[in-house]
Amino acid sequence: MPIIINLDVIMAKRKISAGDLAEKVGITPANLSILKNNKAKAVRFSTLEEICRVLDCQPGDILAYVPREDR
Numbered sequence: 001m002p003i004i005i006n007l008d009v010i011m012a013k014r015k016i017s018a019g020d021l022a023e024k025v026g027i028t029p030a031n032l033s034i035l036k037n038n039k040a041k042a043v044r045f046s047t048l049e050e051i052c053r054v055l056d057c058q059p060g061d062i063l064a065y066v067p068r069e070d071r
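For the sequence shown, the numbering used here begins at 1 and goes up steadily by one.
Derived by calculation from the structure, the hints in this document are not laboratory data.
Among the clues, some could well be false.
[Claimed, not checked] Think about it this way: if two alpha-carbon atoms lie no more than 20 angstroms apart in a straight line, the pair counts; the simulated PhoX-like pairs of lysine-lysine are:
1) Lys36 <-> Lys13
2) Lys24 <-> Lys36
3) Lys36 <-> Lys15
4) Lys24 <-> Lys13
Construct the complete structure from the given sequences, taking the supplied hints into account.
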């Protein structure tokens, strides 16, 4: 998938655990794990907004576009 989620990097910089982040954002630890492991097919803007609020970051700090090589 060409969209990469760099949540681990920001979480490490902010020294917040996955459990704490999930609780503060209001999502299940399982759903946070899906995001962290780049398994998510979509993310709600409201969830992204809460993640950014809790981590004091911008969406671009979490999301990155990596183009696919031509097939």
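A quick look at each hint next to the structure:
1. Lys36 <-> Lys13: holds, 15 angstroms
2. Lys24 <-> Lys36: Between Lys24 and Lys36 the Cα gap is close to 16 angstroms, so the pair holds against 20 angstroms.
3. Lys36 <-> Lys15: Roughly 15 angstroms separates the two Cα atoms, so the pair holds.
4. Lys24 <-> Lys13: holds, 17 angstroms
The earlier numbered hints are all upheld by this structure, with none contradicted.
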